[in-house]
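Same order as they appear, the protein sequences are chains C and P.
Just so you know, we're using the working numbering here: the first sequence kicks off at 1 and counts up by one.
Just so you know, we're using the working numbering here: the second sequence kicks off at 1 and counts up by one.
One or more hints might be untrue.
[Claimed, not checked] Straight line, CA to CA, 30 Å or less: simulated DSS-like cross-link-like pairs of lysine-lysine: (1) K11/P to K77/P; (2) K112/P to K144/C; (3) K313/P to K144/P; (4) K193/C to K119/C; (5) K11/P to K137/C; (6) K179/P to K112/P.
No lab work stands behind these hints, which were simulated from the structure alone.
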Amino acid sequence: MNDMTFPSLSVTDIVKTFDGGLVEALRGITLTVAKGEHLAIMGPSGCGKSTLLSIIGALDYPTAGKVMIDGVELTGNSKSCLFRAQSLGFVFQFHHLIPAMTLIENVEAPLIAVGVPRKQRRERAGLLLSEVGLNHKADSFPNKISGGERQRVAIARGLINSPKLLLADEPTGNLDTTTGEAVINLLLDRASKNGSTVIIVTHNPEIAAKTDRVIHMRDGLLCC
Amino acid sequence: MLFARNLLRNKTRTVMTVFGAAIGIAVYVTTTAIADDLRHQTESVIAGYDTEIMVQSRRAATPLTSIISAEDFSALKTRFGNNAVPLVIGSRREDWNSYIMILGATPQLVSKIGLIEGRAPVPGEREVMVGALISRQYGLSTGKYMSLGDDHYRVCGVYSVGSRLLDGWMMMDLGAAQKLLGRENQISLVMIRMTGVNDLGQLAKDINSGFPRLKASPAAEFVGNIRLWKTVDVFCKAIGLITFLGACLIITNTFLMAVSERTREIGILMAVGWSPLLVLRMLLAESIALCFCGAAVGNGFAVLMLHLLNKNKSVGLGWLPSVPSPESVGVSFVVALLLAFAAIIWPAVILYHFSPMEALRHE
């Protein structure tokens with residue numbers, strides 16, 4: 001299934017410092033992820049996992065180094081918003097749904113950024129909500145559904161643009177074990193059907209075991 | 001409607017912001033409506049009497065304070081004959097009306113006034129012709145008497161010229177008005193009819209150079225040349241600017257709070273690909289909705305303010321419009337739109353420097 005010969009993501013010598021160099025969050029990370037590969041990043045709190053994920057997701061800039069996704073260099077890309085909307089999907093630890101938007105509006109939000117017409121947006125968002133089993137609550141607001149349901153909506157939002165790369169930062173960290181397992185199975189299953197490359201940051205070895213490859217981080221470095 | 005839902009998330013703040021904008025817009029609409037209406041009415045009164053040149057005393061700020069001596073009028077009469085028509089205008093405070101306007105005119109001019117009952121005043125008699133508005137307000141029909149100063153005057157007729165301002169006044173013979181207003185041998189204005197003259201500006205200049213104590217203007221420019229109107233214009237513009245800035249600060253503050261409270265949400269939207277411009281568009285929709293609500297409520301306030309001012313007898317009859325003109329209402333919505341854009345300039349600057357990562361970490 002995975003095309004390991006052609007990298008979807010290439011991270012080269014990424015360094016990230018804060019407070020004028022006093023704090024080194026990442027100290028030269030080099031990493032390659034193949035198209036369609038599911039990768040788990042594990043490590044203790046504060047080791048730089050989320051910082052690495054935010055740089056890969058073009059949410060933050062590295063102090064040094066280079067990130068390329070499908071041959072497009074992200075570092076210093078002035079159109080990073082558009083790139084995120086077109087090519088990346090995010091699932092956060094806390095669902096991070098917009099409370100003033102209905103579930104279907106939350107799911108379709110990334111498509112608004114790329115100018116997809118409303119009718120098409122609604123159709124695609126409705127389809128994804130059906131796939132995560134929540135179409136009957138499409139017009140509900142996030143405060144009316146459970147934590148597990150919110151995370152399923154967040155997965156649908158992360159997949160709405162058929163992303164090349166789906167980034168999940170402890171997607172089950174806020175859920176009980178049973179719900180967490182259901183959510184991670186759904187995420188990986190939907191991403192596989194989509195052909196998306198997945199990077200999951202997690203503390204949970206059971207979740208990591210469901211991926212193709214696991215890497216560990218410590219003190220801003222990859223350790224194996 | 002996302003913008004409506006966002007606005008309704010903090011109803012109290014939204015309502016207070018709308019009221020803040022509404023008060024600003026109400027003040028703006030009321031002042032401009034009053035000024036525009038008064039100017040428009042004065043222009044229509046002058047236009048209604050087929051006059052080409054208006055003359056008042058050079059230093060007068062308004063026709064009410066204009067004093068033209070008998071000597072100057074006599075010289076004008078020598079030059080223009082019966083085409084120079086004198087008027088005296090003044091106000092009196094009476095027990096039954098604290099600001100009554102009186103216009104004294106010659107039979108030549110009074111005969112042009114549209115009567116709805118009775119007849120014109122007879123020179124030398126204590127007779128007065130009242131406007132339809134004053135007649136209705138005080139029940140002054142033909143044959144009734146009213147006290148003016150120490151004397152009683154008989155209502156000889158009721159007129160209506162279609163101008164609310166003039167229909168709230170009363171007219172009498174020039175001599176009687178001069179006596180009543182203590183302006184014997186003085187007049188306020190001279191209207192000069194000069195049909196067939198192409199260059200009225202030049203004619204006005206000729207009069208001004210020949211009569212150093214007088215100020216002549218083509219009738220079409222007369223209202224614009226009245227010093228009081230220039231002051232009123234500046235006053236209205238200053239009020240408009242102050243209320244605009246005040247309302248702008250209120251709405252800007254609301255949106256700065258909104259951006260601060262919704263930092264994480266904005267971070268999420270930017271994380272899923274929304275550009276700062278798209279987020280700004282969302283805020284702009286909210287700002288436009290707020291300002292348009294403010295304009296609608298503000299126009300309602302303006303109607304209420306005009307109604308209350310009209311109820312105040314010390315203001316005098318016919319001076320104020322009862323509703324803002326369609327132009328004032330239209331301008332208020334244009335102002336509201338400008339306000340909506342101006343109010344999000346600062347939030348826009350903040351959004352431009354927004355880091356989605358920092359926003360997502362925002363507590």
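Hint-by-hint comparison with the structure:
Proximity of K11/P to K77/P is assessed by CA-CA distance (about 69 Å); at most 30 Å being required, the pair is judged violated. Of the pairs offered as hints, the one joining K112/P and K144/C is violated, with about 76 Å between alpha carbons and a cut-off of 30 Å exceeded. Pair hint K313/P plus K144/P holds up; C-alpha atoms about 21 Å apart against a cutoff of 30 Å. Pair hint K193/C plus K119/C holds up; C-alpha atoms about 24 Å apart against a cutoff of 30 Å.
The straight-line distance between the Cα atoms of K11/P and K137/C is roughly 26 Å, inside the 30 Å bound, and the hint therefore holds. Proximity of K179/P to K112/P is assessed by CA-CA distance (about 23 Å); at most 30 Å being required, the pair is judged to hold.
In summary, the structure is inconsistent with hints 1 and 2 from the numbered list given earlier, while agreeing with the others.
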